[in-house]
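Chemist: Spelled out from the first residue to the last, the chains are:
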Amino acid sequence: MKTFTLEEITNITGGMLTKAQDVSISMIAPPLLADENTLALALGEDEIANLSKSRAKAALVPLGVNIDGLTTIEVERPRLAMMKLINMFYAAPEVNTGIHPSAIVHETAKLGENVKIGPNVVIARNTILGDNTQIVANSYIGSGVKTGKNCFFHPGVNIGDRVILGDNVILQHGVSLGADGFSFVTEKPDNIEQAKQDGTIKESNAEQKIYKIPSIGSVVIGNNVEIGANSTIDRGTIENTIIGDNTKIDDLVMIGHNCKVGKGCLIVSQAGIAGSCVIGDRVVIAGQAGLADHIEIGADSIIAAKTGVSKSFPEKSIIMGIPAIPRKEFIRNIKVMKEAGELVTKFKKYEPLLKEFEENNDLNS
Amino acid sequence: MKTFTLEEITNITGGMLTKAQDVSISMIAPPLLADENTLALALGEDEIANLSKSRAKAALVPLGVNIDGLTTIEVERPRLAMMKLINMFYAAPEVNTGIHPSAIVHETAKLGENVKIGPNVVIARNTILGDNTQIVANSYIGSGVKTGKNCFFHPGVNIGDRVILGDNVILQHGVSLGADGFSFVTEKPDNIEQAKQDGTIKESNAEQKIYKIPSIGSVVIGNNVEIGANSTIDRGTIENTIIGDNTKIDDLVMIGHNCKVGKGCLIVSQAGIAGSCVIGDRVVIAGQAGLADHIEIGADSIIAAKTGVSKSFPEKSIIMGIPAIPRKEFIRNIKVMKEAGELVTKFKKYEPLLKEFEENNDLNS
Amino acid sequence: MKTFTLEEITNITGGMLTKAQDVSISMIAPPLLADENTLALALGEDEIANLSKSRAKAALVPLGVNIDGLTTIEVERPRLAMMKLINMFYAAPEVNTGIHPSAIVHETAKLGENVKIGPNVVIARNTILGDNTQIVANSYIGSGVKTGKNCFFHPGVNIGDRVILGDNVILQHGVSLGADGFSFVTEKPDNIEQAKQDGTIKESNAEQKIYKIPSIGSVVIGNNVEIGANSTIDRGTIENTIIGDNTKIDDLVMIGHNCKVGKGCLIVSQAGIAGSCVIGDRVVIAGQAGLADHIEIGADSIIAAKTGVSKSFPEKSIIMGIPAIPRKEFIRNIKVMKEAGELVTKFKKYEPLLKEFEENNDLNS
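Chains as they are written, first to last, in this note's numbering: chain E, 2 to 366; chain U, 2 to 366; chain W, 2 to 366.
One or more hints might be untrue.
One copy or two, it doesn't matter: identical chains are merged, so the pair holds either way.
Using 20 angstroms as the maximum straight-line C-alpha spacing, the simulated SDA-like pairs for lysine to any residue come out as follows [said to hold, decoys possible]: (1) 261 with 48; (2) 111 with 145; (3) 189 with 199; (4) 197 with 327.
Note that these hints are calculated values from the structure, not bench results.
Start from the sequences, fold in the hints, and give me the full structure.
Modeler: Right under this line is the structure:
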C-alpha cells in the first residue's frame with residue numbers, strides 16, 4: 002500500500018500546509034468516510050461542513066477555509082489538486098504482458114514496443130499498434146488500423162478497418178469506432194425529401210428500394226482523446242470522420258459520418274451529432290443535446306443539455322432550447338411567456354369594460 | 002413440452018375458473034394467435050374484443066369479464082397472473098456446465114458452487130463469483146469483482162475492476178459497469194466555469210491541457226437489480242456509484258459517476274443521470290429523461306419521459322418539462338399559454354378602439 | 002487498385018459526359034481533396050463553388066451545372082450516382098474463409114453454403130445460418146437463431162435465443178437483438194399505476210417486491226434490414242418484436258418489447274420506441290425522438306428530431322414537439338406565442354388608459 006506524508010501531499014498539490022503533523026496518508030475520501038489515515042477531501046460547502054464529524058486528522062480544503070483544530074492543506078483550485086491526489090493512488094486495469102495466448106493477431110500486424118494484448122483480442126491484417134499500447138480483452142481491431150503510442154483500450158471495443166488513432170487515446174468499454182454511416186438513397190424522392198420541399202407527404206409515395214450508400218471514408222481520432230462506454234463514432238462516406246486532439250467524449254454519445262469535431266471539446270453523455278457537422282475547438286455539448294446534420298458550431302460555444310440544434314451558430318455561442326436559440330433569447334422568452342400569463346389575468350378584469358365601450362362606440366359611429 | 006390443465010393454471014394464477022374443461026394447455030398467446038391448446042391472454046379491451054375471433058378454448062381475463070360460451074379464468078390483477086403464467090413456460094438461455102474450455106479464468110479467482118462460465122469469458126485476478134452465477138459468453142469480469150448468488154450475465158458484458166454485485170443481478174447484452182467517470186479539470190477555469198460565473202465566454206480562453214481525473218471509486222449494485230442492454234454505469238471518482246436493491250434499469254441508460262440510486266427504482270430506456278445525483282427509493286425515471294449533475298430526487302417521485310431535470314425535487318414529486326417543473330404547474334402553463342393565444346385574437350378586436358381612446362385621451366390631457 | 006475511365010463512370014451513373022477526356026479515375030473525393038486521378042464529387046453548392054480550386058480533371062455535378070474548362074458528368078440525382086460510384090470502390094471488411102479455429106460452433110448448428118465465421122464467434126445449439134452469411138468476430142449467436150442469406154454481422158454483436166433474421170441483414174458493432182423486455186409487475190399498484198389514476202402518489206406506498214415478467218417472445222427482423230452500432234431491440238413478452246423488410250436503423254436506437262415496425266422505415270440515432278408500439282410502413286423517426294408505449298403511427302409519417310410522442314397519429318402525419326403535435330399546429334403555436342409576446346408590450350401602453358377608464362366607469366355605475 003502506498004502512503005504519503007502531509008508534506009509530500011502538500012508538495013504534489015501545490016497547496017499550503019497549515020500545521021505540521023506526523024500522519025501517514027494511505028487513502029483519500031470525503032470527510033464522513035475518512036478515517037485517521039485518510040486525507041479528507043472537502044472541496045465544497047457540504048463537505049467542509051462535514052469536517053467537524055470526520056475522523057480524519059487532515060483535510061484538503063479550498064484556500065482560506067479554516068477549521069479549528071484540524072490540519073489542512075489549502076489549495077487554490079481544489080479539483081486540480083484532487084486530480085493530482087487521485088493519480089497518486091490510481092491503479093490502471095491490469096493487462097497481461099505481451100500477447101495473451103488466446104489473442105488472434107494477424108501475421109502482418111506490426112506491434113510497437115511494450116504493446117500488451119489481452120485475451121480474445123483480434124487484430125486484423127496490416128494493423129499497426131504504437132508503443133506501450135494496451136488492449137485489455139475481448140476487442141476487435143480491424144485491418145489497416147493504426148494507433149499512436151500509449152493507447153489504452155478497455156474491454157469490448159470494436160474498431161472498424163482503417164481507423165486511425167493518435168497517442169494516448171483511451172477507449173472505454175464497448176466503444177464502436179468506424180461502423181458504417183447511416184446513409185441511404187432511393188431512386189425517386191422519398192418522404193423526407195418531399196416534406197422538405199412542400200411540408201407535405203404525397204399520396205403517390207409507395208415503397209421503393211432503399212440503397213445503402215457504403216462508407217469508404219474512415220475515422221481519425223486525435224491525440225489524448227477519451228471516448229466513453231458504448232459510444233459510437235461512424236466512418237465517413239468518402240472523407241473521414243475526425244475527432245480533434247484532447248477532445249473528451251462521454252458514454253453513449255453518437256457522432257455521425259463525416260463530422261469534424263474540433264480540439265479540446267467536451268461531449269457529454271447521450272449527446273448526438275448527425276452527419277457532416279463541423280464543431281469548432283473547445284465546444285461543450287452537454288448531455289442529451291442533439292445536432293441535426295450539416296450544422297456548424299463556432300469555437301468556444303456551449304450547447305446546453307437537451308438542446309436541439311437545427312441551424313449553425315457562430316463562435317462563443319451559448320445556446321439552449323428546442324430548436325436552439327441563444328441563451329439570452331431563451332431567458333427573455335421565458336420572461337415574456339410569464340408576462341403573457343399575467344396578462345391573461347389582467348385582461349379578464351378589463352374585458353367587460355372594453356366590451357361595453359365597444360358597444361357604445363358602435364352606437365356612436 | 003410442458004402442458005398444464007386449466008385447474009393447474011387457475012391455482013397458479015390464483016384466479017377463478019368459470020367452467021371446468023378438459024384441455025391441455027401448452028402455450029399462452031394473445032387471442033388472435035392462440036390455437037386450441039393455447040390459453041388466450043385477454044388483459045386489455047382490444048384483446049377481450051378479439052376473443053370472439055380466437056380459436057382458443059379458454060382465456061385468462063380480468064375479473065368480471067364474461068364471454069359467452071368461453072371458459073375463462075378470471076383474475077384480479079391480470080399482469081401479475083401473466084407474469085406467473087409466463088414463468089411456467091420460460092426457459093433461460095442455456096449455459097454450459099462448469100467452465101467452458103475457452104474461458105480464461107485467473108488462477109486466483111474464486112468460484113462458488115454450481116457457477117457456469119461460458120465461452121470466451123475472461124475472469125481476472127482475485128474475482129469472486131457467488132453460487133449459481135452464470136455468465137453466458139464473450140464477457141469480461143475485471144479483477145477484484147465480487148458477485149452475489151444467482152447472478153445471470155447475458156453475453157457481451159464488460160465489468161471493470163472492483164465492481165461489487167449483489168444476489169440475483171441480471172445483466173443484459175453489452176452492459177458496461179465500472180467504466181471511468183467523465184471527469185476532467187484544467188489549470189485555469191474553462192469555458193463552462195466562466196459561463197457559470199457571468200453567462201459569457203471570455204475572449205482570452207485559448208486551449209489549455211485537459212487533465213483526466215481518474216476514477217478510484219467503483220460501482221456497487223444491490224440485490225435483484227436488472228440492467229438493460231448496452232446500458233452504462235460509471236465508477237465513482239473516490240466514492241462508489243451505488244444502485245439500490247430491486248432497482249430495474251432499461252436499455253441504453255447512462256448513470257454517471259458517484260450517483261446513489263435508491264431501492265426499487267425504475268429507470269427507463271435512454272434516460273441519463275449525470276454525476277453525483279442522489280435518487281430516492283421507488284423513483285421512476287421515464288424514457289429519455291435526463292438529470293443534471295448533483296441533483297437530489299426525493300423518494301416515490303416520478304420523472305416523466307423526456308424531462309430535463311435541472312434542480313432537486315422533494316419526495317412524491319411528479320415532474321415534467323425542460324426544465325422540469327411539477328406536473329400541476331406544467332398543466333397550468335399549458336392552459337395559460339392557450340389562453341394567451343386566445344387573448345391575441347381578442348385583443349385584435351379591441352385594439353382600434355383602444356387606439357382611438359388613447360388619441361382622444363391625449364387631446365384631453 | 003481499381004481504375005475506371007470517364008465513359009465507364011458515365012455509364013454506371015447514368016449521367017451525361019460533357020467532354021471526352023482520357024483520364025484514369027482511381028478514387029472519388031470532394032473537390033478540395035481530389036487530385037488528378039480523382040473524380041471530384043460536387044453534389045451541393047459549396048462543393049460546386051470549390052471546383053475552381055480543385056486539382057481534379059473531372060467532376061460529377063448535378064444536371065445543368067456548367068464549369069468552364071472542366072469535364073463534368075451531369076446526373077439527375079447526384080446522391081444516387083454517388084451511391085453507385087462508392088460501390089465501385091468499396092471493399093467489405095475481410096472475414097476468414099470457413100470457420101475460424103477459435104470460433105465455437107455447436108454441433109447441432111446448421112451452416113449454409115459459403116458461411117464465414119470469424120474469431121471468437123459463438124454459435125449456440127440448433128442455430129441455422131443462411132448461405133453466404135458472414136460473422137466477423139467476437140459475437141454471440143444464441144440457440145435456435147435463424148438467419149437468411151447474405152447476412153453480414155460486424156464484430157461484437159449479441160443475438161439472443163430464437164431471434165429470426167431475413168436475408169441481407171447488416172448488423173453493425175455491438176448490436177443487441179433479443180435482450181429481455183423491460184417488463185415488471187408488483188402485487189399491488191405501484192407509483193405509476195397510482196399516478197395514472199389520480200395524478201398523485203399515495204402516502205402508503207411502501208416498497209414491495211418487483212417481479213420480472215420474463216420474455217418468451219423473440220425478435221423477427223425482415224429482409225434488407227440494417228441496424229446501427231450498439232442499438233438494442235428487445236424480445237417480445239409473448240409475441241415477437243418485429244422489424245419489417247428494408248427498414249434501416251441507426252446507432253444507439255432502442256426498440257422495446259412487442260413493437261411492430263413496418264417496412265422501409267428510417268429510424269435515426271438515439272431514437273427510442275417504448276413497448277408495444279405499431280409503426281406503419283415508410284415512417285421516418287428522426288434522431289432522439291421518443292415514443293411512449295402502445296402508440297400507433299400511421300404509414301408515411303415523419304416524426305421530427307427530439308419529438309416526444311405521447312399518443313397515436315394517423316398516416317402521413319408530420320409531427321414535432323413535446324408532446325408531439327402536427328407540424329402545422331406547432332408552427333401556428335410558435336406564431337401565436339410570438340404575438341402574445343408582442344401583446345405584452347402593446348398592452349403596457351394601454352394599461353394606464355384602461356385603469357383610468359375603469360376607475361371612471363366605477364364612478365359612473
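Chemist: Next step is simple, just say for each hint if it's right about the structure.
Modeler: Tested hints:
Proximity of residue 261 and residue 48 under a CA criterion of 20 angstroms is satisfied inter-copy only: 16 angstroms between copies versus 41 angstroms inside one chain copy. For the homomeric pair residue 111 and residue 145, the shortest alpha-carbon distance inside one copy (10 angstroms) is at most 20 angstroms, but the shortest distance between copies (32 angstroms) is not. Proximity of residue 189 and residue 199 under a CA criterion of 20 angstroms is satisfied intra-copy only: 16 angstroms inside one chain copy versus 50 angstroms between copies. In this assembly of identical chains, residue 197 and residue 327 lie within 20 angstroms of each other by CA distance solely across copies; the values are 15 angstroms between and 25 angstroms within a copy.
The earlier numbered hints are all upheld by this structure, with none contradicted.
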